[in-house]
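Engineer: One-letter residues, chain by chain:
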Amino acid sequence: MLSMRDITKTYRTELVQTHALKNFSLEVAEGEFVAITGPSGSGKTTFLNVAGLLESFDSGVYSLDGRNVAGLGDRELSKLRNEKIGFIFQSFNLIPDLNIFDNVDVPLRYRGFSAAERKRRIEEALERVGLAGRPKHLPAQLSGGQQQRVGIARALAGSPRFLLADEPTGNLDSQMAEGVLELLEEINAAGTTIIMVTHDPDLAARAQREVHVKDGMLVQSLAA
Amino acid sequence: MQGSGLLAYNFWLALRNIRRNVVLSILMVVAIGIGIGASMSMVTVNYRFQANPIPEKSDVLHYVRLDSGDPNAQNDAPPNQLTYLDATALLRAKRAFREAAMSQARMAVVPPDREQRPFFARARATSADFFAMFNAPFAHGGGWTAAEDEGAEQVVVLSAPTNDRLFGGENSVGRTLRLANGDYRIVGVLDEWEPSTLFWDTSSGGPGPVEDVFVPWSLIVANALQRQGNTNCWKPLDGTGLSAFLNSECVWIQYWAELRNEAEHDDYVAFLDAYATEQKALGRFPRPLDNRATPLMDWIAEDGGVPNEARVLLGLSILFLAVCLINTLGMLLAKFLGKASEIGIRRALGASRGRLMQQYLVEAGIIGIAGGLLGIALTWAGLRGIDGLIDEDLGSFLVIDWKMALAAVGLAILATLVTSIYPTWRACSVQPSVYLKSN
Chain A
1 MLSMRDITKT
11 YRTELVQTHA
21 LKNFSLEVAE
31 GEFVAITGPS
41 GSGKTTFLNV
51 AGLLESFDSG
61 VYSLDGRNVA
71 GLGDRELSKL
81 RNEKIGFIFQ
91 SFNLIPDLNI
101 FDNVDVPLRY
111 RGFSAAERKR
121 RIEEALERVG
131 LAGRPKHLPA
141 QLSGGQQQRV
151 GIARALAGSP
161 RFLLADEPTG
171 NLDSQMAEGV
181 LELLEEINAA
191 GTTIIMVTHD
201 PDLAARAQRE
211 VHVKDGMLVQ
221 SLAA
Chain B
225 MQGSGLLAYN
235 FWLALRNIRR
245 NVVLSILMVV
255 AIGIGIGASM
265 SMVTVNYRFQ
275 ANPIPEKSDV
285 LHYVRLDSGD
295 PNAQNDAPPN
305 QLTYLDATAL
315 LRAKRAFREA
325 AMSQARMAVV
335 PPDREQRPFF
345 ARARATSADF
355 FAMFNAPFAH
365 GGGWTAAEDE
375 GAEQVVVLSA
385 PTNDRLFGGE
395 NSVGRTLRLA
405 NGDYRIVGVL
415 DEWEPSTLFW
425 DTSSGGPGPV
435 EDVFVPWSLI
445 VANALQRQGN
455 TNCWKPLDGT
465 GLSAFLNSEC
475 VWIQYWAELR
485 NEAEHDDYVA
495 FLDAYATEQK
505 ALGRFPRPLD
515 NRATPLMDWI
525 AEDGGVPNEA
535 RVLLGLSILF
545 LAVCLINTLG
555 MLLAKFLGKA
565 SEIGIRRALG
575 ASRGRLMQQY
585 LVEAGIIGIA
595 GGLLGIALTW
605 AGLRGIDGLI
615 DEDLGSFLVI
625 DWKMALAAVG
635 LAILATLVTS
645 IYPTWRACSV
655 QPSVYLKSN
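First to last, the protein sequences are chains A and B. Reminder that position 94 of the first sequence reads as 94 in the working numbering, one-by-one numbering, no gaps. Offset between the second sequence (1-based) and the working numbering: plus 224.
Bound-form chain B, shown alone (with noise of 0.2 Å):
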């Protein structure tokens, strides 16, 4: 038989197969997809959590770090972030292409349209070059300048879902809006942006929806602005109020540097040796110098990877979906060994080994894509489960994509193939004789 003509007659009986025996196919059908489901939820919380966020930029976006921390404390990394000093410090420099400093805050919004009530808005200080490094896309107007940020202007881009809420989505560049402690003057609007994290500050971000506005890097400190995010102090402050904590070691501050190659990405690395030198030379920077500039992909792995709770998860799944698959094994065993006669005289007729396998693995795999297929559905309701037990929004965070929808079905094939090896070779194993015999 040609091997086209023998794919189709498998496909045939298979088909017949499955509707003979439609209960039991309906349970092998569910077993794999609720298997295929859990674990396709969970690889892909894992998998968004480890995504390229920007591969068109991520080689070039640098993570900096400079070692500024706890002579006594044993780590092996710098701290996270770094404090107002030093970021300052290299803010004036300007050593790299392009560079920003950042920090969540909280503001209080008031809007225009007085029936509304004023919110608190999740808000981001930040410099000039954010939204070149990243790139942010602009429905209307732009970024501030780098003067306007010297000069502690009071400028502020908003996101679309915030200009949506405020303005009902109309250009709103050059209007006036009320943030907390003052009038400030919109330049720009955010297009419809969703990135799968906010990787740029993976001390506060992770998975979620940008932020409501942004404002310059300056007015977190010129408007006292309410700081939001991860602290930490190794030294007691010396002296109270924002000018103590301003000039202590204190870390708060996310800062990136774009840097094109590996030439800018040694120079910047050089001036940050130097300026921790230079400091040392001032009593600070007790510990020995580890400064750093770490690529985007390098830092997710390192400080924004997944959580260990997603690894925990993704293994008890894969456990689940192991149960799930030895549930089917055993009704594939019951179901193919049911067609023991049926092998008999195939056998007799001319059927090998080698085709019975075939005409069986055909079947598996048939009801392994349905497998996938309802799997792909659970994964998606899974997902939809996990976004709705988390209480941030996390806008296309958990969202399946085509990559992952191939992979469940890739996977349940795979998955069924494989469990149905050892119920397809017994039950093509059987003696034909005894079951022309006896039938």
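The shape of chain A in the complex, shown without the other chains (with noise of 0.2 Å):
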């Protein structure tokens, strides 16, 4: 599914190198639920946005879903992210001024898809994350965890092979996470593979498996 192997990411100034991937390794299979953690600066967001194309890397190999995505161009990038990678962030990113319903819409619009295929992906997807009766809200109408439903609706409405959740809690109060958690782990149990970062150990540990970062590379990876 994800295959990552010596995958080596420097961010450079005039005076300073900062090595936020060093020899990375991980292979991620279909269906899995793995949750990447470790301390503040220790690579995580980096893995996740090269992981999900949006940032590059230096060296090293990287396999989506069987593609090299080495040399591939913007166009082919963006089109891999839209079909095959769901996000979820921290922010939740929603467009402030579009509603809920248009929200979802981002990423099928760039896919293609008729009019009436949007909408019945979109209604799907709001009927599931438990939105279905408010598609007119705008987001700052909603509680945060509602928000984070709509992100997560939003990811899942292209249908994508995996979801990269970004501390898809760390904004919620107990509750509301433990919502969002036990829909993450709905939509796993369907079969969409799962790569949340966390900080939280009692997060991670709902994981199949934890793998935890520092200094950039992966030091440990564990079973649940």
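Misleading hints may appear alongside valid ones.
To give a feel for the contact side, a few chain A residues facing chain B, derived at Cβ under 7 Å [claimed, not checked]:
#1 Y11
#2 L15
#3 N49
#4 E55
#5 L72
#6 D74
#7 R75
#8 N82
#9 F89
#10 N93
#11 F101
#12 P107
#13 R109
#14 L222
To spell it out: a stretch of chain B is covered by chain A in this simulated footprint if at least three of its residues, at any positions, have a beta carbon under 8 Å from a beta carbon of chain A; those stretches are [to be verified]:
#15 233 to 247
#16 572 to 582
#17 649 to 658
Residues from chain A shown here face chain B by an in silico Cβ test under 10 Å; the list is partial [claimed, not checked]:
#18 M1
#19 L54
#20 K79
#21 P96
#22 D97
#23 S114
Everything labelled a hint here was simulated from the structure, so no lab data went into it. Quick reminder that beta carbons are idealized off the backbone N, C-alpha and C, glycines included.
Put the two chains together into one complex, using the hints given.
Structural biologist: Below is the structure:
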């Protein structure tokens, strides 16, 4: 599903070089729920950005769903991102002046689905996250937990092969966090691969496997 | 996404963004509109000066010049007008298909209605062929005949506004009108006629309505009409009075020949050269032979084209447009960079840089169209303003036509799109991960 071998990523300024990922290797099988943990600055977010094709890497081999992504242009990377990956962000990243329906619609627009197909998928995704009755609400009219559910609906609507979640419960209280986590578990149970970056050991324990990252390197990979 | 679907989506997003930042959007539209209005006003002025005033005949109408000028002058072209001696000789020779000598004059008009006060009219004394050569449209009657011209008969053709003023627009043909020095029989009334310039007389013409009255050429001498326009004399007159002036080397007459093809043109120029050679034998024409029959559009380009002031103002207005566009660029940059987080989200959700650039270029295009439409209105206002600043009545000369209106909108869209390339590129080049984490 996802295969990284010896991935290196270095950020350079005029004075400093920061090795965010050093010979980072990871295999994630289809249907897995993997938690990526590690202290701040360990390289978790860089891993997520590289895995999500939002940032390039300096060396190594990265295959996504069997496709080597090295050398792909912006258009192909965008297509791959649109079709294969669903993102769930800590700060939800909904577009504030679009209503829920239109927010979930965004990735589908770039996918080229017909209007009827988009409508069907949006309604299905909102139904799945328990927000079917609020398509016209703006994000600001929803609670944090509901906004995150919209984010999950948006990630799911395009039927991606895997979800990348960056601290998906980081901005939520424990009750809402539990609801979101249960939803992710349900999605995973339905067959979608999930890679989740988290600080929270309790959250990581809910995943099938926990991968610990330190100083840009994978130091431990444990089955939960 | 299908192309049309994406375009519709981009259009919808653009309208939404414009509504969200309505003040900034209006400022951009106003900046573009003012720039387009200023530049298109001056482009229109320049365009009108260079426009073909009679496209259906411009190829066959030729402006005639004979080099009877000063041998010590540094001119590289013959004088712009003819002497009375030469114009009379050319008219008498009748070597062109049609030809006309002419000069502007000023004539007092005594209205038949005693309630109206007498006034001075702009007159043109010209040959019988004038009306046919320049496709003058008649509402009533027609021009005079060559015989009437040669016989110095007191006949007159009125312009439509003059006929309206004197006779309330009725058919006045056959009636008598008292002009400066006698009674004139009205033989024709022109229909509405608004050539873009009075191209037949670049020395005193230019933009403005056609003359008020037209009288036969022979009357300029027979009735000693009060001439108007430029007169240049390189040699002192040999005596005083009208006779001395008519026999002098002073140039003051415009002369046009209708030459239907190249052979007629070449024959006519050969005739001019032969005439000049003959005159040389009589002690005139001291300069080398340089006699010309110049096609109308070449003549307009050479002499009656765009005034230098209009060219300078055009340059300044284009600089002003550039300043407006630079302002717009700044506003677009601020607006699009303000969308960085949304761009980051869209990038993460699968929008390529190209698609996002398309989205923001559509928005810029809509602003450009709005700016262009405002620009048309401001161009119209600008032209009216220029018209108001000039004492002369320019008639329909400074009017924005549909071609200029289209050009204004096209220029606005093009200028806005070009201006928006950098802000769009900057906005779409943001690193999405930065905004996704910090949003």
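Engineer: Run every hint past the structure and note whether it holds.
Structural biologist: Going down the list of hints, with the structure as the test:
no.: 1; hint: Y11; result: violated, 11 Å
no.: 2; hint: L15; result: violated, 20 Å
no.: 3; hint: N49; result: holds, 4 Å
no.: 4; hint: E55; result: holds, 6 Å
no.: 5; hint: L72; result: violated, 11 Å
no.: 6; hint: D74; result: holds, 5 Å
no.: 7; hint: R75; result: holds, 5 Å
no.: 8; hint: N82; result: holds, 2 Å
no.: 9; hint: F89; result: holds, 6 Å
no.: 10; hint: N93; result: holds, 5 Å
no.: 11; hint: F101; result: violated, 13 Å
no.: 12; hint: P107; result: holds, 4 Å
no.: 13; hint: R109; result: holds, 5 Å
no.: 14; hint: L222; result: violated, 27 Å
no.: 15; hint: 233 to 247; result: holds (count 3)
no.: 16; hint: 572 to 582; result: holds (count 8)
no.: 17; hint: 649 to 658; result: holds (count 3)
no.: 18; hint: M1; result: violated, 19 Å
no.: 19; hint: L54; result: holds, 5 Å
no.: 20; hint: K79; result: holds, 7 Å
no.: 21; hint: P96; result: holds, 9 Å
no.: 22; hint: D97; result: holds, 6 Å
no.: 23; hint: S114; result: holds, 8 Å
Of the numbered hints stated above, those contradicted by the structure are hints 1, 2, 5, 11, 14, 18, listed in ascending order.
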